[in-house]
Amino acid sequence: MTMGRKKWASLLIGIGLLLSLSGLSMAAEKVEEIVVGLNLELTGGLASSTMPASFGILDYYNYINEQGGFTYKDPVDKKIHRAKYKILWADNGFSIARSMTNAKRFIDAGAKLILGA
Amino acid sequence: MDVAQFSTGNVTQLMYGHKPLLCFANTPGDVERLIGMIDFIKKDWKGDRPPRVGTLAYEASTSRQAEDQRLFKLAREKGVEFLPFDYFPFTATDFSTELRRLYEVKKADYVWLRGGAGQVGAIMKDVARLGLRDKMKYIACYFGYSEVTPLIAGKDVVAGMYLEGTLSTPSEADLPGMKFARKLYDKNRKSDVSFMIYASGPHLAMIAHEATKRALEKVGLKKLGGRAIADATWTLKDFDVGGLTPPITMQEGNISLVRYCRMFKIDKEGIPRPDGPWLGTPHVLGR
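Taken in order, these protein sequences are the chains called A and B.
Its first residue numbered 1, the first sequence is counted upward by one per residue in the numbering used here.
Its first residue numbered 1, the second sequence is counted upward by one per residue in the numbering used here.
If you are wondering where the hints come from, they were derived from the structure by calculation, not from laboratory data.
We put the beta carbon where it would ideally sit given N, CA and C, even for glycine.
Hints are supplied without guarantee of correctness; some may be wrong.
[Said to hold, decoys possible] Straight-line Cα separation of at most 30 Å, DSBU-like style, residue types lysine-lysine; simulated pairs:
{"id": "1", "chain 1": "B", "residue 1": "K213", "chain 2": "A", "residue 2": "K78"}
{"id": "2", "chain 1": "B", "residue 1": "K42", "chain 2": "A", "residue 2": "K86"}
{"id": "3", "chain 1": "B", "residue 1": "K268", "chain 2": "A", "residue 2": "K84"}
{"id": "4", "chain 1": "B", "residue 1": "K265", "chain 2": "A", "residue 2": "K78"}
{"id": "5", "chain 1": "B", "residue 1": "K187", "chain 2": "A", "residue 2": "K84"}
{"id": "6", "chain 1": "A", "residue 1": "K30", "chain 2": "A", "residue 2": "K84"}
{"id": "7", "chain 1": "A", "residue 1": "K86", "chain 2": "B", "residue 2": "K268"}
{"id": "8", "chain 1": "B", "residue 1": "K223", "chain 2": "B", "residue 2": "K73"}
{"id": "9", "chain 1": "B", "residue 1": "K213", "chain 2": "A", "residue 2": "K84"}
{"id": "10", "chain 1": "B", "residue 1": "K222", "chain 2": "A", "residue 2": "K30"}
{"id": "11", "chain 1": "B", "residue 1": "K222", "chain 2": "A", "residue 2": "K86"}
{"id": "12", "chain 1": "B", "residue 1": "K135", "chain 2": "B", "residue 2": "K268"}
{"id": "13", "chain 1": "A", "residue 1": "K79", "chain 2": "B", "residue 2": "K237"}
{"id": "14", "chain 1": "A", "residue 1": "K104", "chain 2": "B", "residue 2": "K218"}
{"id": "15", "chain 1": "A", "residue 1": "K30", "chain 2": "A", "residue 2": "K79"}
[To be verified] Pairwise CB distance ranges (calculated):
{"id": "16", "chain 1": "B", "residue 1": "P247", "chain 2": "A", "residue 2": "T101", "range": "35 to 43 Å"}
{"id": "17", "chain 1": "A", "residue 1": "K79", "chain 2": "B", "residue 2": "K19", "range": "33 to 41 Å"}
{"id": "18", "chain 1": "B", "residue 1": "G253", "chain 2": "A", "residue 2": "N62", "range": "30 to 38 Å"}
{"id": "19", "chain 1": "B", "residue 1": "P247", "chain 2": "A", "residue 2": "K78", "range": "26 to 34 Å"}
Pulled out of the complex, with its shape left as it was, chain A reads as follows:
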C-alpha cells in the first residue's frame, strides 16, 4: 500500500515536472510576429509583368512561415527567438491612390516593412 502511494506520488511528481517542462518549452517556443505589408500589383495596365512578381513575393513569405518561421538571436536577452510573419496583402491595381490606402492600412496594423511589385 505504502509502495503504491509512493508510486502514485512519483507519478504525480513526474507528470507535474513534465507539465512544467512542457510549459517552459512552450514559453521558449513562443513565436513572435512581424507584420509585413505586401502592396501587390495584381491587376492594372502592367499586370502582365507585375502580377507574377507580386505572387513571387507573397509565395516567399508564405514559404518562410510554412518552414515554422525563422530564428534570430535577441540582442537584449541573448537568447534565440522564433518569429513568423503576419502577412497583410492587397492589390493596388497600378493606382497611386490605392497604393496609399494599402500602405496606410498596413502601417495602422503595425507594419514596419512594406514590399511591392
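Assemble the complex: chain A is given as a structure, and chain B must be docked to it using the hints.
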C-alpha cells in the same frame, strides 16, 4: 513614417526624396541601366556613324524620369546618339504612328521598349505588320518580356530581339536561386501566371527577409522599425541570392539593391538567352 519599403520595380529619383533613405528597389534606375547598356550597343553596331537609339515608352511619370539629360550627354560622349523619347498612351492598342515616326523620321537603329510584357507583345505585333522587323533592333526593358510576349506577337517575330534584364532567366535553370523560385512557382502557381518575371519576387523578398533578421539581431523586436531594417540593408555585403543576380553588396547612398543589367537575346522558341556578361550600372540618381 518609420517604414522600410522594398520594390521589384526600378529606382526612381523620387525615392531619394525621403531622408533617411528607407526605400529600396532590386532594379537600377532606367537611366542607370541605359548607361550600362551603351557599351553593348557600341559593340553591336556595325555602321560607320554613331548608332541612333529611340525609345517607345508608356506615358507615365516613371517613364518620363528616364529621359534624363545625363544619359544623352554621356551617350554622346561615348559615340551613341539617344533620341528624344516617344510615348504612347497607357491603354494604346496600336503603335503605328510611333513606330513609323521612329523609323521614317527619327531614323532610329535601335528602339528601347519601356512597357509591360503584354504591351511589348502588342508593339512587336505592329512591328511585324508594318514590315519593320528587320529595319530596327528592338530591346525590351527588364519588365517588358515574359512568356506572354511571344504568345501575343508570335515566336518568329520576337526571335532575335533583345531584353535588357536585371535577373537571370529560366534558361539558366541550374542556378540554385532559379531552382528555388521554380519550386515555389510549381507549388503555388503552376501555369496561371508566367514564370519569367515571377522570380524577381522571391529575389526581392529574400533580401528584405535577410535585412529584417539582421535588424532583429541588432535592435530586437521592440525596437524593430523601418529605420532599423534600412540600416541593416546597408550592411549587406556579398549576400548570395543563388545566382538570380550577382551577390548583393550595398553601395553607400545607392538604394538600388542590384547594380547590374545584362543583355539577353530571344531565341527561336521565344526564350531569352544571356548575350554577354553582367554589365555594371553607375550610380546616377539621387546625386
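Self-check item: Enumerated hints in conflict with the structure, sorted upward
Solution: Numbers 2, 3, 4, 7, 8, in rising order.
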